[in-house]
Amino acid sequence: MPPPHFRAGDPLATTRSFSHGNSNLATAAMGLLWLITWVERGVREHAAPLVGKAFIRTRYEGDIMSAESPDDDGIDRRTYLAALSATAAAGLAGCGGGGGGSSDDDGGDSGGDGTTSGSEQDLGERVPTVSIGALGGVAGASNIEQANLHIRDQLESVLGVPSEVTVKELTTYWNEVYNDARTFSFSVDLSPPFPSFLDPDNLIGPFHISFAGTNGKPNTSNYANCEYSRKVDAQRAASNPDERETLVNEATAIASEEVTPITLVTNTVAGVYRTDQVDASGIGTAGVAARNPEFLWESEPINGADKLLVNMTPGNIPSVVYQNTRPATPWVGTVYMPLIYRDKDYELAPGAAESWDVEDSFQTFTFNLREGMTFHNGDPITSEDVKWTLNWLNDNSDSLSSINSFPYESIETPDDTTVVVNMESPQPPYINAFIPNWSGILPKDVWVEAGAEENPKDPDLDEIIGSGPYQVDSYQPRQLLALSQYDDHWIETNGGVTFRGYSDRQTARRAFEEGSLNVLINSTTDTNEQIKQSLGDTAEVVTGEAFTSWEVRTQHSFAPSMFTEFRHAVSQAINRQRMLSILNSGNGSTELYSSFIGKTHPWRPPEDMLTQIADSPQANPETAKQILRDEGWGWDDDGRLRYPADKDLTPRWPEDSSPCENPDDFPCLPELCE
Amino acid sequence: MSQLYYYARRMVVSILLVFAIATFLFFSFRLMPGDYATLLLQQGASPEQVEAVREAWGLDEPIYIQYLTWMGNMLTGNAGMSRQFSKPVIDVVAPALRNSMILALPGVLTAFVIGSLYGALLGTNPGSTLEKYGIIPPNIIGTTPDFFIGILLIAIFSSALGWFPSGSIASIEVVTNNPGWQIYLTESFWYHYTLPFVTVVIKYMYYPTLVMRGSVVEVRNQEFAVYQRLLGLGRWTRFRHVMEHASLPVITVLPAVTATSISGLVLIEIVFNWPGIGQLLLTSVFARDTPVIQFMFLIIAIWIVAGNFLVDIFYTIIDPRITIEGE
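Residue numbers (my numbering), protein chains in the order written: chain A, 1 to 674; chain B, 1 to 327.
By construction, these hints were calculated from the structure, which means they are not laboratory data.
Owing to the predicted nature of the structure, the values given are computational and were not obtained by experimental measurement.
Please note that a few of the clues may not be correct.
Claimed, not checked - If you anchor each label on the Cβ, the simulated ranges turn out as follows:
1. B:Ser28 <-> A:Ser657: 28 to 34 Å
2. B:Ile65 <-> A:Pro670: 33 to 39 Å
3. A:Asp664 <-> B:Ile65: 35 to 41 Å
4. A:Glu453 <-> B:Ile156: 52 to 58 Å
5. B:Ile140 <-> A:Asp306: 44 to 50 Å
6. A:Glu300 <-> B:Met71: 53 to 59 Å
7. A:Glu449 <-> B:Ser2: 58 to 64 Å
8. B:Phe29 <-> A:Asp664: 40 to 46 Å
9. A:Asp276 <-> B:Ser28: 46 to 52 Å
10. B:Met71 <-> A:Asp276: 54 to 60 Å
11. A:Glu300 <-> B:Ile135: 55 to 61 Å
12. B:Thr260 <-> A:Asp345: 48 to 54 Å
13. A:Ser657 <-> B:Trp181: 56 to 62 Å
14. B:Leu68 <-> A:Asp415: 52 to 58 Å
To be verified - Not close to chain B: a few residues of chain A, all C-beta gaps over 12 Å, as computed:
15. Thr364
16. Asn422
17. Gln626
18. Glu661
Glycine included, every Cβ here is placed at the ideal spot set by N, Cα and C.
For reference, chain A alone in the conformation it holds in the complex (with noise of 0.2 Å):
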């Protein structure tokens, strides 16, 4: 497990969104954002068409939190001048199309600078327009954005591959890449930092080969590897701890082979506390977050300070059945007991279960409980009341979104204090992803009482009783969670904790200044800067890696992403060092080595069995073109990349189909996809 990386006081990045800018700056542009809306509607009406350009489709987000998401959002005050700066150059040009040969036909100037090989005649056809799909609609989407048009730029100045972006609304992206559209070749993206994400089945199980194609599911490169899906089925029926490492490490290589995924930065997460106000403890690799209970319970209120008051996303504290939210942070570890959690450094601890025991290749769990735990009104803790809570997720998994169903053979409670839990089949992923989000133990009288047995996802409560070091004092959905300390349990916390709903970042930024609040989560680069120029000193900004990275995510399925030396050559040219300044605000660190698995996780494989794909973090762009040479790609006189003369361009699978329904060409179909 790799050290942590936190840090206070990060160097600050020069590149950064509008809204979170400067506050003089963003406050005289605030006055023009009107205008420019306006003057943005016209060109992209009268002037767009000119210059066929898909970065005029910038829009203006709002300044928005989401839950969990990466981070920044709002206009980016660069990316519209340059919008309209070229757009307004390319009209008084009167210059009718190009914009760096934007078409199939047209020569253009890019690419290749001085690089052409062999004869025209050894090759084959001309790469043809490149397609990339910017998320759009997110918290970020336009540092997401800039990172695309980066990558636009390398295909067309390094490989000479004309290539256009396109915003891709939220939902329409995931419906394009879960049925295999082909409407983009390349995509930045990243898996959310949700602790279910610390087991690995949730990284490279989505990349099974039976989630790809045309079927709606969320294998978002249509990756369809015979070899990596067979080890990715084996893992989940692996026999014991090591033999699963083994497989989730070979897997991964093979991803990791082909150049799956592009992986380029870290993610990072960030948040601030009052000097003031908190005397901070247990920060960790986890850092100052919700999702890091040994940071609330270990942090101490001082100067007059009785409660950490903490930021959160109002769609994260919607209800009293968590079990529907995800995630599920504000209330597990802090109201809700679970019987094991993840400490500060994401290892499993032991909870409410002292104890736990894997055996029978993970078909049986076995947890030994604390004696003498007690709800919040007093009644014990017993094994009966963890057997209900299980039962009842397994029976109501398809009402409560989050929670996943497992083959239960049968919980048995042999005394108070003791669960064993038999599955059907192995299930490795339920110790790691399961338990520690969702076992928070309720009190099954109080529950069944409140009917949550028929009507599972709205139980009448009268109050809230929870098994967790903090009891409820006032709970209004979205807008207040308030927690004080419960006396009666064996975590000795240091004062209570409020969750107070802000969507948008910039005004938990002002509370947080004002004393409102004395911790700010999930917060950015930019509001880390403005709180230290008016705090100084009484704000400590803590920055860490997260277990998951930024990442380039490649189509499959059709040319010219489905070539691997085309993506390695496409790797070799990003500039990463640029993607950290993007992404992060320079925070973080770049990856050079392709992998599902995020640098700071604790499955990440050992760099060995992982490949290379780039050579430095700056753009290497001579390897990029020799990579693509020996496969024997060349370029034309006008500089534009050609495909070898024998080469095979067939879609991996027809189009509007899977591979599941093309066994014939998948030595491992189609006993895989049932």
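Chain A is fixed; fit chain B onto it per the hints.
Only chain B this time, still in chain A's reference frame:
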């Protein structure tokens, strides 16, 4: 045409309009790409779970079945269950609507009273310096985004002067101890209420000021006003008569402005972290919580239609000639 027939006809038209809007809302939401279930996929749910959710919510039914079910439920007062809040939609929307109403209605009404008086003042002093330059501030404010006014007020009165809090409905202690409507009785609420209220007033003074100014200019040149002036009626008496005639256009825009203020409220509420329908709408859009979004849009539509209906009725009181429509 009797007055009663006129009222009845307007009512039927209004009901049909609401019905048409509801139908349009339903289909436009269903035609949008993605739904709550697809959102779950991104959050790591398995395809089997997503299918189960689709089935549980009836999203796998043919669209006309979904429509008939939804319309039937709406007619019986059942707006469905919120997906993210796991509560009946009405229970979710009601408190948010209450918080928004207490901000929007007094704010817009105050803006109309002050704006109308200011517009009348400008209109009754044609050619004066006040008339020439007094129209500039409302024009500037009217074309400035709502949220920017809010940010400006926060920057001055909260960050710089420290007179008011930067946002939220009340302090954490007060919210913790006062669930429900009791919060409106606390000092902390009114303290937090000031800046968002002033933002609404400043923003929405623009419409009545401009409309009233133009209307007064027009009315005071009509024959009756000239005649009254010749008769030597007192200044205030003439002003009252002019206002009575000039107020019709202002009353016309009132319900529309009140309704459009909702769109402005979304941003004002976010800037001030006000737990109203603007913030709820935002949270629901992110969560693709269609039942909540549909219901809120419907409420807004009903508000506009009902407002226009009431204005029509009110016209007949102010100016009985309006009842002879069609003759």
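message: Let me make sure I understand: some of the numbered hints might not hold for this structure. Which ones are they, in numerical order?
response: Of the numbered hints given earlier, the structure breaks none, since each of them holds.
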